[in-house]
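Work out the full structure: start from the sequences and follow the hints.
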Amino acid sequence: MKQNIDLKELLSAIDVPAQWVGIREVYEAQTPRMIRDGVPVTNARSVTHGVMVEVLADGQFGYYGTPNMSVEGVSLAAEKAFQQAKVASQHALYNFDESARPSYKGEYKSPYIKDRNQLSAGSLNNLLLDAYNHLKVSDKIVSASALCQIIETNFKFISSNGSDISQDFLMLEFDLSATAAEGSNQQTRTFGGMRGTCRQMGMEYFDQYEIFANADRIGEQALELLSADECPTGEMDVIIASDQMMLQIHESIGHALEVDRILGDERNYAGWSFVKLEDFGSLQYGSKLMNITFDPTMESEFASYAFDDGGLKATKEYLIKDGVLVRGLGGQESQIRSGLEGVANFRSSGWNRAPIDRMANINLEPGESTLDDLIGSVDNGVYMESNKSWSIDDYRNKFQFGCEYGKLIENGRLTKTVKNPNYRGISTPFWNNLKGVGNEDTFGIYGTPNCGKGEPNQVIRVGHASPVCLFENVQVFGGI
Amino acid sequence: MQNIFNDLSDALFSYLKNGEYLVISFVGENSQFIRFNNASIRQTGLVDDAALSLKFISNGRTCYGEFTVSSHNNIDIENGRKEIDRMRIESEEIPVDPFLVLPENFASSCDIKVSDGLPFENAVDALVPAMQGMDFVGIFANGKMFRGNANNLGQKHWYETESFCLDYSLVTSEHQMVKGCFAGNDWSQDEYEKYVLRSKRKLSLMERKPIKVDTGKYRTWFEAAAVADFLGMFSWNGISEASLRQGCSGFGRMRHEDVRLSPKFTIAEDFSQGFCPKFNSNGEVSPEFLSLINKGTLDNTLVSSRSAKEYNVESNYAEHGEYMRSPRMEPGNLNHDEVLKHLDKGLLLSNIHYLNWSDNSGGRITGLTRYACFWVEGGEIVAPIETMRFDDSFYRFFGDQLCEVENKLTVVPEVSTYGSRSLGVTTCPGILVDSFALTL
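Chains as they are written, first to last, in the working numbering: chain A, 741 to 1220; chain B, 158 to 597.
In short, the hints are calculated from the structure, not lab data. Note that the Cβ used here is the ideal one computed from N, Cα and C, for glycine as well.
Under 7 Å between C-beta atoms, here's a sample of chain B residues computed to sit facing chain A: (1) Phe190; (2) Asn194; (3) Thr201; (4) Asp205; (5) Ile251; (6) Asp254; (7) Val285; (8) Val294; (9) Tyr325; (10) Cys405; (11) Gly409; (12) Arg410; (13) Ser518; (14) Leu525.
Capping the alpha-carbon separation at 30 Å, the derived lysine-lysine pairs in BS3-like fashion look like this: (15) Lys1016/A x Lys366/B; (16) Lys466/B x Lys876/A; (17) Lys336/B x Lys1016/A; (18) Lys301/B x Lys826/A; (19) Lys1016/A x Lys369/B; (20) Lys239/B x Lys896/A; (21) Lys748/A x Lys239/B; (22) Lys239/B x Lys742/A; (23) Lys854/A x Lys239/B; (24) Lys336/B x Lys565/B.
As structure tokens, then:
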């Protein structure tokens, strides 16, 4: 079904007097399958395929995204992109040159053992149906679902200055969800929060024993939450599991460090940032236990890759080292505009959107504490798992997050379960209250397929890996 | 585009075998995007995009497929036929769908809105001069949008419109901001320049030094744009019949405990203004008017045909996700000129930001103040406020705390461009609330 495109032929046919021309081809097939309440609700395959032709004229980039990948179609797209760039160049925010698109050659392939074809639609539906049956532990489970999404993406990029990049991704999203309800008292438990379980891997992921064991646990915990007390209100210690640390890192670090935000591009939509250009190298973002990396090299994490969408080679870099802000999330364009060192994070959601600064894998490096050490050090606190609510202001300061499942910590021990555990804070004071970081044994790899940003809007996939962490003096509260 | 859709539909329907059903949905656009920062152009480009979605029913099963339309007839027909072949095989493997919805042939429609828009090549020269001298940031989206639907029983719908939307912020040197959204179908240079000038005048209020308000409960006026954001939450685990049945709706207290909102609160789905197609992705045509909450009482939920089968209730032909597509809240009696007097002392919030359910069962929503938000005393604006977080229940601010509703409606356009440019508007008034909780 995939149309075979010769990008070199298309590039050679483009005839515009531009400083630089690039073509980025993206083919993506998404295959979602879902069983809800014992019946199939989704068996789908969605394919998008097109090219973005980008030209640089008089220091301004112009683009044309088109699914018409004929020689005539792409040549016309280049002409129109060139005209857009020429007119816009008279009012350009910045005058770029060819260095904004460095030249690299290379390939990347997701690590996996079994490709999509090694698990049939029927087998996968049966597995999801069995998982549903494990989730439905009681009649009080009013709804339960099991879903997976298989994503195959082929990315190719060539340019007039010699870039030639090919990257093939195989990704999975998987979720289990059970909702227990009695009237308007309703509680939902999932597998890692809002689609938090997402990785680059193949069909080997579907180990039935592990899936069914998790389905049993999720069903039981939804039921347990129904009769649990509300989370207490007050200032106390909080231990946050990896599947909520994912969201904490994403919202209060990742977005705040995007250099295009700091430069003001996003002020009309996603917002600005409390971080200023002069903060790099000096801002004490968090406690000395805090080490944050941009790591596109972590095997199987959701947003691993070898090159970004501008063709820049991707490497692991520290963003925050021993609590001090050292580097921003700025791709080549932002590095040129800001004069800051950055990373290869110039990314787009597909062939119909231009790249901007995005997160990829943003991780918190493991520390030395065991989970027992962390719990044992708390006299009065709450342990929280799995995100269900998220909100933060346009400067990435005042956040409020809610979790699915909580446990009281009393005198160094986990005690009773609490529902609707929420907490709120302000980003840098919160991270400076980081009191303990779990070791490798507590390290969890998660991500999200739904990171929104940009004008026009784009949703991209990001990965976040983190150990379990302990924060002190946090505002905690429950539901109504 | 309509010809491409018609040719593709005909070719794919002719490929079906006896006992097979096919519903085709089409979403397309020819768009221009110009992104501004500091009244200069950050990025600019054009996007042609179209996708054909197929819902294939056979053997008691439902399969879905979708592919990008290249506009090359032979390629697209081949892709469509291969997709049908794939779904044919899959429909032999997957479990039976007991709630599948077979297509019907009610009636066809064609709605092509002809506009005098802004040609792509003129956009930069038309837009940029009025921005000069200000820190102007935002996005201009412009061009045609297409929606189509057809099934193999002969029903066919087509909707085509041309529109523009300049969604922007003006920023003071102290980082205070005013929001603007100039949107429409027919371009008027004069109207555009006047609109931007009005935004610029609002900015002068933002030059005052912002004050920090304490956490606590405040009498609060919400402008229509903020009310529209609250109403948008009803489309996410709210008004959907499926979400109520599946235990994840904030409307549970209204359904299960007969809790009522204020008698001053009335909202309906109202397609009479024609801002979006009446047909859904299944080709079903929604009623032109559907009461949802009438004087505080839950009147109807949104029910798709699938939910209707699953829960044995009547469909009102909602979209598959059972979200509002053209909501309209009834106006009240308060004249906008008298808002400050009635507010007397408290908050004036023009926009809110990043909403989420903090306790879905309790109807509690958290979010932030953003843009032109002010502290008011003695019926006068004192100063803008520093950003504050709120966390309160719609059972309170649309319920017993709702004092007054504005007598004028504002049309708030849907400006989302995730995947593709969106259609639709929310039509609503501002509201005055006696007590609203700021928490951080």
